[in-house]
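**Student:** Spelled out from the first residue to the last, the chains are:
Protein chains: 2
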Amino acid sequence: MTIKKLLTSLNDIKHGQDFEIQGWVQNNRGNEKIKFLALTDGSTVDTLQLVIKSENIKRFNLDKINLGSSIKVKGKLLLTPTAPQPIELAVDDLILINNTDEDFPIQKKETTLDFLREIPHLRHRTNLFRAIMIIRNALLFEIHSYFQKHDFLNIAAPIITSNDGEGAGETLIVNSSEGDFFKQKSFLGVTGQLHAEAYAAGFKKVYTFAPTFRAENSHTTKHLAEFWMIEPEVAFYELNDIIPFADNLLKTVISNVIKKYPSEMKLLDSLKDNNLITTLKKYISTPLKIMEYKEAIKILEKHKKEFEEQNIFFGMDLGSEHEKFIAEKVVNGPVAMINYPKDIKAFYMYQNDDKKTVAAFDLLVPGIGEIIGGSQRESRYELLVQRLKELKIKQEPLQWYLDLRKYGYAPSSGFGIGFERLVMYVTGVANIRDVIPFPRTPGNIKM
Amino acid sequence: MTIKKLLTSLNDIKHGQDFEIQGWVQNNRGNEKIKFLALTDGSTVDTLQLVIKSENIKRFNLDKINLGSSIKVKGKLLLTPTAPQPIELAVDDLILINNTDEDFPIQKKETTLDFLREIPHLRHRTNLFRAIMIIRNALLFEIHSYFQKHDFLNIAAPIITSNDGEGAGETLIVNSSEGDFFKQKSFLGVTGQLHAEAYAAGFKKVYTFAPTFRAENSHTTKHLAEFWMIEPEVAFYELNDIIPFADNLLKTVISNVIKKYPSEMKLLDSLKDNNLITTLKKYISTPLKIMEYKEAIKILEKHKKEFEEQNIFFGMDLGSEHEKFIAEKVVNGPVAMINYPKDIKAFYMYQNDDKKTVAAFDLLVPGIGEIIGGSQRESRYELLVQRLKELKIKQEPLQWYLDLRKYGYAPSSGFGIGFERLVMYVTGVANIRDVIPFPRTPGNIKM
Chain A
1 MTIKKLLTSL NDIKHGQDFE IQGWVQNNRG NEKIKFLALT DGSTVDTLQL VIKSENIKRF
61 NLDKINLGSS IKVKGKLLLT PTAPQPIELA VDDLILINNT DEDFPIQKKE TTLDFLREIP
121 HLRHRTNLFR AIMIIRNALL FEIHSYFQKH DFLNIAAPII TSNDGEGAGE TLIVNSSEGD
181 FFKQKSFLGV TGQLHAEAYA AGFKKVYTFA PTFRAENSHT TKHLAEFWMI EPEVAFYELN
241 DIIPFADNLL KTVISNVIKK YPSEMKLLDS LKDNNLITTL KKYISTPLKI MEYKEAIKIL
301 EKHKKEFEEQ NIFFGMDLGS EHEKFIAEKV VNGPVAMINY PKDIKAFYMY QNDDKKTVAA
361 FDLLVPGIGE IIGGSQRESR YELLVQRLKE LKIKQEPLQW YLDLRKYGYA PSSGFGIGFE
421 RLVMYVTGVA NIRDVIPFPR TPGNIKM
Chain B
1 MTIKKLLTSL NDIKHGQDFE IQGWVQNNRG NEKIKFLALT DGSTVDTLQL VIKSENIKRF
61 NLDKINLGSS IKVKGKLLLT PTAPQPIELA VDDLILINNT DEDFPIQKKE TTLDFLREIP
121 HLRHRTNLFR AIMIIRNALL FEIHSYFQKH DFLNIAAPII TSNDGEGAGE TLIVNSSEGD
181 FFKQKSFLGV TGQLHAEAYA AGFKKVYTFA PTFRAENSHT TKHLAEFWMI EPEVAFYELN
241 DIIPFADNLL KTVISNVIKK YPSEMKLLDS LKDNNLITTL KKYISTPLKI MEYKEAIKIL
301 EKHKKEFEEQ NIFFGMDLGS EHEKFIAEKV VNGPVAMINY PKDIKAFYMY QNDDKKTVAA
361 FDLLVPGIGE IIGGSQRESR YELLVQRLKE LKIKQEPLQW YLDLRKYGYA PSSGFGIGFE
421 RLVMYVTGVA NIRDVIPFPR TPGNIKM
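Residue numbers (our numbering), protein chains in the order written: chain A, 1 to 447; chain B, 1 to 447.
No lab work stands behind these hints: they were computed from the structure.
The list cannot tell twin chains apart, which means a pair is met if one copy fits it or any two copies do.
Straight-line C-alpha distance at most 30 Å; calculated DSBU-like pairs for lysine-lysine: (1) K406 / K446; (2) K394 / K446; (3) K266 / K149; (4) K4 / K149; (5) K185 / K222.
Model the full structure from these sequences, guided by the hints.
**Tutor:** Set out below in structure tokens:
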């Protein structure tokens, strides 16, 4: 029985019922007559209040038990409906399993996020990181469940690959210490999309949920060298089919997490001036708008004085400030920007009849900007070959990918969600290093 | 509506009801008066029979439609309870989306597994690989669901790490093309266990489900350079707690998959002389036995003539033949072998009072041998330091791991399941290269 289950099934508890639990001491207050320990077991940010009477305080050596220590307690559950906490445990027996050393760096006093990043193996023992990691796990399982319910097949796209990705940034290189393990140059994958397309042609609906890698030398709050991506790919779907699917996926997943994790969301909300849940709920209840990229350019041009980057033109890559402006000021809600200039998008995107744009979409959300990027894929073999030539990308390593178009291909569309970006959005956390247990960035690979 | 859902909800179908579906032609038989196409949509190995009457055969140009082509059909669903298939679609309209070229390598005629390994992007379009990948996906989701139901938190252990694993084999090395991206030597993780332990100390029950890597130069049917591992870790669990958990996890997951995927299991069963399902069901219904390693050695010694490796002694690493003998001939069911000599096990395992053995267990199953390996972890700081010294493993890079013992540590136990080994066991597939979409082995990194 976890603390989470205990607190959500109070109706099943008998006042005075025997109970036994193990966990960690999160707080220790009171006086020599009565002590209150807050016990956490990691199942929720909520704690179980342990009440220890005077005759036991000395027996359990309570004054020597430091915060973070692991203990085992037995006692009787008391329902306390009028108290701040609805239930407490009157302790009859307490065993100290492992006391924390005095130098345990997680203390009651406030610590900085910077300091906690130096101890990624311990920072989850703060309430903030406990909440973040619980929400991260919740999002992961909601996403898997959503896909499975909608008949998607999870596929393991390879991590190590001979394909150099989509040219979306420097790739990391893999080898054995003797070198030449794979007898050819091998990379850590930047996307599972090309492999997912191969599987969509046969399974119709597939998705990957796996680590991907970038060797970009970025030191921003939004970039990691190692991060998890979710990449669904659907055969027989065109751009107009995949956009509402992406919209529904995100809204359903976020909505379920808010409902199922009230304590964690409330805690995170309190750190964001109580507007995190409001913001998320507004996003969920606001229907998605569609906007052409060229339409956005016209609007941005009119407001260019409001931006740092004021050179607004058809063909530009929109900056985060432009994306946020569209989502927050123009649409005031989520918007799928579609039909981007082909020169700023990847080679595999479906070329529109205007010869200038591709059937791409970015899903922009107030407060965070781009959260999903996707497209319909080019299904026409000859156009794909031509595009590779224009971009001076070697055809031979991608021949298998081109060949998919000859073997019962169908329109295929998909997108990528950077999982950590999603966790940031739902938790309101500003730095991507704080939503993954052991963040990897240039020059930083602790543990 | 998928074919799987259609076939499992026949009661909801009205005879003559309009229906529309997209998919791929898997079979094309009949004569000029009537044609039967088998349509697959990847949701199941079962196909939907399309019936096309003479007047439409020419109109749809049916003789030109090759196997594997993508089509869209409309028509009326006809319930055919007395026919071999329970339902068929009388086609009124058929649109050919993309015909396969004549050189499409997946044809009705038998192909070898070796040949199919050369085309990992297309082999899932055979019925065998369709079944394997459907079962793989099913196992993945059942495993996630089992852990979530049992209050486990999924954690992302890092893929790129500065820890050189458990010395379980050569590691792969990661770098950027300019070198020195992480400012220190960095590896692809061989296990997420050490990081999982850090999180178990705080969340109590955690698990990883992620790719892991080995640079071993193995060319066997059981080794991959890149494979997925499931690694649960539970604080407050000792060896005797984790073993029944592992047993229940495996049996529940396999049992659910057999129940939910009868068509795929039947197909795979037919390829294994119809004993796959029998074997799995026998495993599920046979209670786990526990056997001491030293007991096993005594038994194996008596039967040494039956083995290739006849040098049986306390301290030896058991071979697959020995493990299978114990599971199949001695126990005739699943067995957890426990308390292995410490010298053949990893440094972090709990040292038993006899000073010779550690609290490790391997779960051995008839037909496959070891399917799970795990242990209780050493919780005593000083013993861990001493063990590192004995094994000449540098302490400094593992100091963070040792420090966990000072900060409210508790007994902690866990294990690893090689996901592909599990898929092999449940599908009856003999070569590990055939249970992962894009297998990576020394010298082989297609696509």
